[in-house]
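Chains as they are written, first to last, in the working numbering: chain D, 1 to 718; chain E, 1001 to 1326.
Hints are computed from structural coordinates only; laboratory data are not their basis. These figures come from a predicted structure and were not determined experimentally. Wrong hints could be hidden among the right ones.
[As the list claims (entries may be wrong)] As a list, the in silico SDA-like pairs of lysine to any residue whose alpha-carbon atoms are at most 20 angstroms apart:
1. E/K1095 - D/Y258
2. E/K1173 - D/A672
3. E/K1087 - D/N267
4. E/K1173 - D/Q671
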Amino acid sequence: MKLLKHSYLIFLLLLIFLISCGVPNNPYPKSEQDEEIYYSTFDEEPKHFDPAVSYSSDEYTFIQQIYEPPLRYHYLKRPYELIPLTAEAVPQPRYYDTDGKQLSSDVPAVSVARAVYEIRIRPGIMYQPHPCFAKDESGVLRYHDLTKADVKGFNEIKDFPMTGTRELIAADYVYQIKRMADPRLACPILSTLKDYILGMEAYAAALANGQEEAAFPGVEVVDRYTYRVILKAKYPQFIYWLAMPFFSPMPKEAIDFYSQPVMKERNITIDRFPVGTGAYRIETLLAHKEIVLVKNENFRVERYPSGGEPGDREAGLLDDAWETIPFIPKVVYKLEKEYIPRWNKFLQGYYDSSGISSDTFDSAVTFNDTGDPRASEALKAKHIVLRTSVEPTTVYLAFNMLDDTVGGYTPEKQKLRQAISIALDYEEYIEIFLNGRGIVSHSPLPPGIFGYEAGETGINPYIYDWDASTNRPVRKSIEAARQLLAEAGYPGGQDSKGNPLIVSFDNTWNSAGATSRLTWMRNKLEQLGITMESRTTDYNRFRDKVKNGNFQIIFWGWHADYPDAENFLFLLYGPNSKALRDGENAANYDNPEYNRLFETMKNMENSPERLTRIREMNRLLQRDAPWVFVYHPVAFGLSHQWLKNSKPSALGRGNFKYLRIDARQRAESRQAWNQPIVWPLWVCLGLLILGTIPAAITIWKRERQTKQANIADEASEN
Amino acid sequence: MLTYIIRRMLYAIPILIGVNLIVFFLFFIVNSPDQMARKILGEKNITQADVDNWKKQNGYHLPLFFNTEASGGGHFTETIFFQKSAKLFLFDFGKSDTNNIDITSQISQRMWASLAIALPTFLVGLLVNITVSMIVAYYRATYVDFWSTIVAVMVMSISQLFYIIGGQWLFGKMLRLSPISGYDSGVDMLKFVILPVVIGIISGIGGGIRFYRTIFLEEVNRDYVRTARAKGVSEAGVLFKHALKNAMIPILTNVVLAIPLLFMGSLVMEAFFAIPGLGSFTIEAIQAQDFAIVRSMVYLASVLYIVGLLLTDISYTLVDPRIRFG
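Isolated chain D, as found in the complex (with noise of 0.2 angstroms):
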């Protein structure tokens, strides 16, 4: 009983510690209470800080802060537009033929031999503050020949007492794209590349037979700020390449640094510990709890944009316009798994922004007269900001067109898919199961995205009606699905023989929420009589069976490296087959006048001629209907009136900059919404002891029997 007591003591105590502590449900320290840091979370441990093997949308979220490829998109302009972040100017590229003849910007891209790309960076630019660059006095590097005693207790590279810096100049870009070719680093579009920068490919191979000095003739350094950059071929989305961090600067220091024997053994590599010019650089990696950005002493200055899309300025995105950036010092990034906690932190304003889930979308996001989101009211008191954008994403149910029973290219085959995807109707799925957050697609391309057509010019023709009096599309009717499947050579879903037509969804669908949505699918092609089966899998199973073309339909996506019409159309290239050649096709759909068009489109600028072909491969995309076009994503953002300057923008990550906190109001809005609630506590601490009451009366009552009746037992016996 007396360890019971005292278990109540240390309660009663630390609930007294935890209230004098101010607000008790405060997960961050009191003395960052009135700083202007930005809190948000990740919910997955970045694996790669090496932007020569990063690709994961994850980990651009850190090193976009910290690395800077030559170029950048605008922060507010849609659609994207590329402009320069390092560079002086976007870099036009200069075509030359096979005689080394300087070709016009506009040449067929048969008559290319070369194209050349030469980028002048600005003079200035400085590295962040990092031991990699320190020198003793004598000016040699202090941190290039470690031993084991001189790192010993060291595991972050804040532990490392002295930092350097230097320039930024070419060489160092030059460097980095030499990196890539390297292939004990596995850079994931090494395989991209090659196809396209000259030399690339035999340099890989040289590498990869150890030798070190081959020569790389698609790059080279012009002068301290120049650096070049050579393909084989016409390919105007290179630039695009050139704002991803694949193509950021690498400081050979760095590398040198890092590839110590003492530095490998301590973790402490290049692919934990970024060296960048941007405006952050890491102070605190804890992949496993947190990531903690702060400024970088050494970015230059940089303004903030004075000009963006409409709406921008209304929206309050340009009052900071020409004001030096970044605004916070501080950026802390906390691992959070799992939703409910993280949403429910959000909305006590400890963390400054948060996506919304489906489980609380209904409570979050209310839609008014003309369809259109608000935040709810719940939100809207706490002065919560919702904000929405279209993602440059493609999702769609693709059929093998190497299957006998759903693939080939005759007028019937064509029919049944087309049937196929009027009776699903995903207007309603999108409406069921994504809460309206997406926008049916009509071919491949996004809103946003050159090539993409709005109205009755951009509608599928095959699927659609346009409807004048409402300018909308409207889906056939089912009826004309079911005529379609008749002349495909399946009245009411049976073949000549009468044999039922029975297709397979291959699929991943392995939560309890995904039973109703196959399901709904289930149902939807019951009304043309079609028999869906479902074969759902693990993902390596899956992926198996696209890449060996064993599957009738599937459900994937895309979301695009970068916001060109070729980046997306080249899914359904037939040279890029998945089952055939390894590629991003998993349709394996191969029409000779597609891969004719994509050929001429993919090295055009945008322009009217471009927008034709596009037009005509979404118009042979339409009829042979390789795809389901099913929906691009609408992203859903929350954030609270003190986060200022905030823009969703599914491209260029390296956003934190722009930000603002107002540190005060946040402060405020804390304290308001999170004054502890103790009352309970008491109530069922009294019950508590109230109930322990008759207990002890029986107990002793109990020992005062047992003690009377020994005494009864020993006066007996006397």
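Dock chain E against the given chain D, drawing on the hints supplied.
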């Protein structure tokens, strides 16, 4: 005793080889090295050449168990199984497959977070369970016993996830008495640890009471208890002094076996409370198909389990003088 310990440690070697073999076999039934590579390299623009390159860089280009192209002992040593397993016996866990981080240093870092939750949950939970069980045993065959048993069964029947989400909602969100999730080192750790510990104790109390109550009821019906009562020892004295001491063997079996595994952490608790412990480390590795970490964690758990069994046997000699090992 020493001979016994050495013998038990030698027995452990074939067990550990067997465990390692089973893990290896099960892992590679589900995943091939190609699938591992594709999962780790990502979805986009990955070709077979990239996959082959990754396998070569990470030592997964060799055959699984038997290398027909090698000669002599190389038939067995030039295989993934040998190359990846041999060093485990020296506790050299190597590097993670997904991000090349040293696994030993990760274990030594994350172990403390797991212990920060598991140890107080275990100790306080043990104390609470034994105390409540003794009280229930004291009131055996009364309404206190009856209702305690019903409540214990109810508590046992509810998923731990319910306690976690309910606890976060009640204490973190509604009463605002503790952070909903998170973790920090030093004194700041305290405010993050209280809620998961309380939830851990509450969710485990049902099973604990049922288990220890059975032990105590068995003890209070033994002859020595009757003798103690006959000698005039009070009912509380009988329970707290005599029965408790004699119930130590089953308690120790339960307790000592659990102690080494406390290091391994709790998968669900750590995920929901964002505790960077070994439980979340393991589950992340399984999701990422990081064979190096999965293999290391299973091996470590096996070693700790064997150590736990050995410690249990040794502890018997401390509480029961009749037990001797030859």
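Hints and how they fare:
1. Simply put, E/K1095 and D/Y258 have alpha-carbon atoms about 17 angstroms apart, close enough for the 20 angstroms limit, and the pair holds.
2. For the given pair, E/K1173 sits about 14 angstroms from D/A672 by alpha-carbon distance, which is consistent with the 20 angstroms threshold.
3. Distance hint between E/K1087 and D/N267 is fulfilled; the C-alpha atoms sit about 19 angstroms from each other, no more than 20 angstroms.
4. For a cut-off of 20 angstroms, the pair hint linking E/K1173 to D/Q671 stands: about 14 angstroms separates their Cα positions.
Of the numbered hints stated above, none is contradicted by the structure.
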